[in-house]
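J.: This is what each chain is made of:
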Amino acid sequence: MTQSLRLLLKTLGGLFLKKAPGDEIDSTELVTRYIFDKKFFRRSNNSVRFGAFMPYKGETSVFRIASLANKDIWNIGDKFVAKPRGRSIKSRADITVKAIQSVKDKELKVVSETSTHPLHANIVGWPADESAQQMLAVELANESTLYFPNI
Amino acid sequence: MTTAIFGHHNGGGFFDRIYNTGASQCSRYLQEIINDAVDHFEKPLTLQPKERALKTLGEICTTCSNIGWDGYGALPISKEAHEEAARFLKCLPLDLPIPEIVPDPRGGVSFEWYKSKNWVFTVSTKGENLLIYAGLMGENNRIYGTHTFYDSIPKIVTENIRRLVP
Numbered sequence: 001m002t003q004s005l006r007l008l009l010k011t012l013g014g015l016f017l018k019k020a021p022g023d024e025i026d027s028t029e030l031v032t033r034y035i036f037d038k039k040f041f042r043r044s045n046n047s048v049r050f051g052a053f054m055p056y057k058g059e060t061s062v063f064r065i066a067s068l069a070n071k072d073i074w075n076i077g078d079k080f081v082a083k084p085r086g087r088s089i090k091s092r093a094d095i096t097v098k099a100i101q102s103v104k105d106k107e108l109k110v111v112s113e114t115s116t117h118p119l120h121a122n123i124v125g126w127p128a129d130e131s132a133q134q135m136l137a138v139e140l141a142n143e144s145t146l147y148f149p150n151i
Numbered sequence: 152m153t154t155a156i157f158g159h160h161n162g163g164g165f166f167d168r169i170y171n172t173g174a175s176q177c178s179r180y181l182q183e184i185i186n187d188a189v190d191h192f193e194k195p196l197t198l199q200p201k202e203r204a205l206k207t208l209g210e211i212c213t214t215c216s217n218i219g220w221d222g223y224g225a226l227p228i229s230k231e232a233h234e235e236a237a238r239f240l241k242c243l244p245l246d247l248p249i250p251e252i253v254p255d256p257r258g259g260v261s262f263e264w265y266k267s268k269n270w271v272f273t274v275s276t277k278g279e280n281l282l283i284y285a286g287l288m289g290e291n292n293r294i295y296g297t298h299t300f301y302d303s304i305p306k307i308v309t310e311n312i313r314r315l316v317p
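Protein chains in written order, with the working numbering: chain A, 1 to 151; chain B, 152 to 317.
Keep in mind that the hints are not guaranteed to be accurate.
Between beta-carbon pairs, the in silico distance windows are [stated by the list, open to error]:
#, chain 1, residue 1, chain 2, residue 2, range
1, A, Phe148, B, Pro317, 24 to 32 Å
2, A, Thr28, B, Ser303, 33 to 41 Å
3, B, Lys268, A, Ala128, 27 to 35 Å
4, B, Gly224, A, Phe148, 22 to 30 Å
Derived DSSO-like pairs (lysine-lysine); straight-line CA-CA distance at most 27 Å [stated by the list, open to error]:
#, chain 1, residue 1, chain 2, residue 2
5, A, Lys38, B, Lys306
6, B, Lys306, A, Lys104
7, B, Lys201, B, Lys306
8, B, Lys201, B, Lys268
9, A, Lys90, B, Lys206
10, A, Lys57, A, Lys83
11, A, Lys90, A, Lys57
12, A, Lys38, B, Lys201
13, B, Lys230, B, Lys206
14, A, Lys71, A, Lys90
15, B, Lys266, A, Lys106
16, B, Lys268, A, Lys98
17, A, Lys106, B, Lys268
18, B, Lys268, A, Lys109
19, B, Lys230, B, Lys268
20, B, Lys230, B, Lys201
21, B, Lys266, B, Lys206
22, B, Lys268, B, Lys306
23, A, Lys109, A, Lys98
24, A, Lys83, A, Lys71
25, B, Lys230, B, Lys241
26, A, Lys90, B, Lys241
27, A, Lys90, B, Lys306
28, B, Lys266, B, Lys230
29, B, Lys266, A, Lys38
30, B, Lys306, B, Lys206
31, B, Lys230, A, Lys57
32, A, Lys38, B, Lys241
33, B, Lys266, A, Lys98
34, A, Lys71, A, Lys57
35, A, Lys38, B, Lys230
36, B, Lys266, A, Lys104
37, A, Lys38, A, Lys83
38, A, Lys57, A, Lys106
39, A, Lys38, B, Lys268
40, A, Lys71, A, Lys106
If you are wondering where the hints come from, they were derived from the structure by calculation, not from laboratory data.
What you are looking at is a predicted structure, and each value in this text was computed from that prediction instead of being measured.
Built from N, CA and C at the ideal position, the CB exists for glycine as well.
Kindly produce the complete structure, drawing on both the sequences and the hints.
T.: Quick look at the structure:
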């Protein structure tokens, strides 16, 4: 019983990581970007295009998935990202926080933003220059791994 | 009649005709047929992929004409961006491969030449007479910048595309 309770607490602890909004996330964590447009990935070799990571208003919305099982990653995406938009997820791009922090001049970082979900985060620190932004997005796409939902 | 149209007296071939001196309805009709044949002949086969690309561009611009088309608040592709992207495709030298056309969440159109991981070159247009380019030319070898664009594609762009061509 105690063991079960401990396991439950551990799982919940993983789901509701104690990170205040704006807190930087540990570099060992994995985050995912849900993709709604088929043009943002290449079916030929299952890789991601830069458009998937381009920021909106200086931020790229991602979810922290280190503590989640594959099924839960898709469930969160469906429930908290796709459904409110009336869209269906076509794929997702997983990338480590370390890879995000390492691209180009190490400008980007991942910060917690929990207003919509405890595991929601944003990639911030995008430069104002549009070609530099594009360069970073190209690198993020290059470093990420593409996954498809099991339909 | 044929002689009058082709004027082969100057030693030239089919395309060296000078003008049609015939005045009859039949002669004018023949001139039209020849014009069509010459147009068809002069149209290189390599233009066909460009025409397909222009069609794809039109479809993408229609699909991405509403705000948030990417699910995250992307700007709609403007008419100016569409026209500029079409101009870019038309200006693309025939020896370069036709790129993949991708909508850009900034309200523009992107072109992508992809070879393999770490080898990709992208160019974006937003209808502002600018080309925004960024690419990976091997591991840790980045190239990016912005260049004005009117009626010819800057050398820095064509050179980088050529680096990805086998």
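J.: None of the hints should be skipped; say for each whether it holds.
T.: Verification of the hints:
For the pair A:Phe148 and B:Pro317, the supplied restraint of 24 to 32 Å holds, since their beta-carbon distance comes to about 29 Å. Checked against the hint of 33 to 41 Å, the pair A:Thr28 and B:Ser303 fails, with Cβ atoms roughly 48 Å apart. For B:Lys268 and A:Ala128, the hinted distance range of 27 to 35 Å is satisfied, since their beta carbons lie about 28 Å from each other. Here the CB-CB span from B:Gly224 to A:Phe148 is close to 24 Å, well matched to the stated 22 to 30 Å.
The suggested pairing of A:Lys38 with B:Lys306 is violated, with an alpha-carbon distance near 31 Å, which exceeds 27 Å. Taking the CA atoms of B:Lys306 and A:Lys104, the gap is near 24 Å; set against the 27 Å cutoff, the hint holds. Our distance criterion of 27 Å between C-alpha atoms is met by B:Lys201 and B:Lys306, whose separation comes to about 20 Å. Only pairs whose Cα atoms come within 27 Å are accepted, and B:Lys201 paired with B:Lys268 is accepted, the gap being roughly 26 Å.
Taking the CA atoms of A:Lys90 and B:Lys206, the gap is about 24 Å. The hint holds against a cut of 27 Å. The hinted pair formed by A:Lys57 and A:Lys83 meets the criterion: a straight-line CA distance of about 22 Å does not exceed 27 Å. At most 27 Å may separate the alpha-carbon atoms for a hinted pair to count; A:Lys90 and A:Lys57 meet this at roughly 23 Å. Restraint check for A:Lys38 and B:Lys201: satisfied, since their Cα atoms lie roughly 22 Å apart, inside the 27 Å limit.
Distance check on the hinted pair: B:Lys230 and B:Lys206 sit about 15 Å apart at the alpha-carbon level, within 27 Å; holds. A threshold of 27 Å between alpha carbons decides the hint, and for A:Lys71 with A:Lys90 the separation of about 15 Å falls inside it, so the pair holds. With a CA separation close to 25 Å, the supplied pair B:Lys266 and A:Lys106 stays within the 27 Å bound. Among the hinted pairs, B:Lys268 with A:Lys98 is consistent with the structure: their alpha-carbon atoms are about 19 Å apart, no more than 27 Å.
A hinted pair counts as satisfied when its Cα atoms are at most 27 Å apart, and A:Lys106 with B:Lys268 qualifies at roughly 20 Å. Note on B:Lys268 and A:Lys109: the hinted pairing holds, with a Cα-Cα distance of about 23 Å set against a maximum of 27 Å. In summary, the hint linking B:Lys230 to B:Lys268 is not supported, as the alpha carbons are separated by about 33 Å, beyond the 27 Å threshold. For a cut-off of 27 Å, the pair hint linking B:Lys230 to B:Lys201 stands: about 19 Å separates their Cα positions.
Between B:Lys266 and B:Lys206, the direct Cα distance comes to roughly 24 Å. Compliance with the 27 Å bound is thereby established for this hinted pair. For the hint linking B:Lys268 to B:Lys306, the alpha-carbon distance of about 24 Å falls within 27 Å, and the restraint holds. Between the alpha carbons of A:Lys109 and A:Lys98 the distance comes to roughly 9 Å, so the proposed pair stays at or under 27 Å and holds. Taking the CA atoms of A:Lys83 and A:Lys71, the gap is near 16 Å; set against the 27 Å cutoff, the hint holds.
At most 27 Å may separate the alpha-carbon atoms for a hinted pair to count; B:Lys230 and B:Lys241 meet this at roughly 17 Å. Taking the CA atoms of A:Lys90 and B:Lys241, the gap is about 32 Å. The hint is violated against a cut of 27 Å. With a CA separation close to 37 Å, the supplied pair A:Lys90 and B:Lys306 exceeds the 27 Å bound. Distance restraint check for B:Lys266 and B:Lys230: the Cα-Cα separation of roughly 30 Å exceeds the 27 Å cut-off, and the hinted pair is therefore not satisfied.
Only pairs whose Cα atoms come within 27 Å are accepted, and B:Lys266 paired with A:Lys38 is accepted, the gap being roughly 19 Å. For the proposed pair B:Lys306 and B:Lys206, the alpha carbon gap of about 26 Å is at most 27 Å, so the pair holds. As the CA atoms of B:Lys230 and A:Lys57 are separated by approximately 22 Å, the hinted pair is consistent with the 27 Å bound. With a C-alpha separation of about 25 Å, the suggested pairing of A:Lys38 with B:Lys241 holds against the 27 Å cut-off.
Distance hint between B:Lys266 and A:Lys98 is fulfilled; the C-alpha atoms sit about 25 Å from each other, no more than 27 Å. Between the alpha carbons of A:Lys71 and A:Lys57 the distance comes to roughly 30 Å, so the proposed pair goes past 27 Å and is violated. Under the criterion of a C-alpha separation no larger than 27 Å, the hint pairing A:Lys38 with B:Lys230 is consistent with the structure, at around 22 Å. A distance of roughly 21 Å separates the Cα atoms of B:Lys266 and A:Lys104; the hinted pair therefore holds under the 27 Å criterion.
Taking the CA atoms of A:Lys38 and A:Lys83, the gap is near 18 Å; set against the 27 Å cutoff, the hint holds. Pair hint A:Lys57 plus A:Lys106 holds up; C-alpha atoms about 20 Å apart against a cutoff of 27 Å. With a C-alpha separation of about 19 Å, the suggested pair A:Lys38 and B:Lys268 falls inside the 27 Å cut-off, and the hint holds. Using a Cα cut-off of 27 Å, the hinted pair A:Lys71 and A:Lys106 is violated, with the two alpha carbons roughly 32 Å apart.
In the structure shown, a violation is registered for the earlier hints numbered 2, 5, 19, 26, 27, 28, 34, 40, in ascending order.
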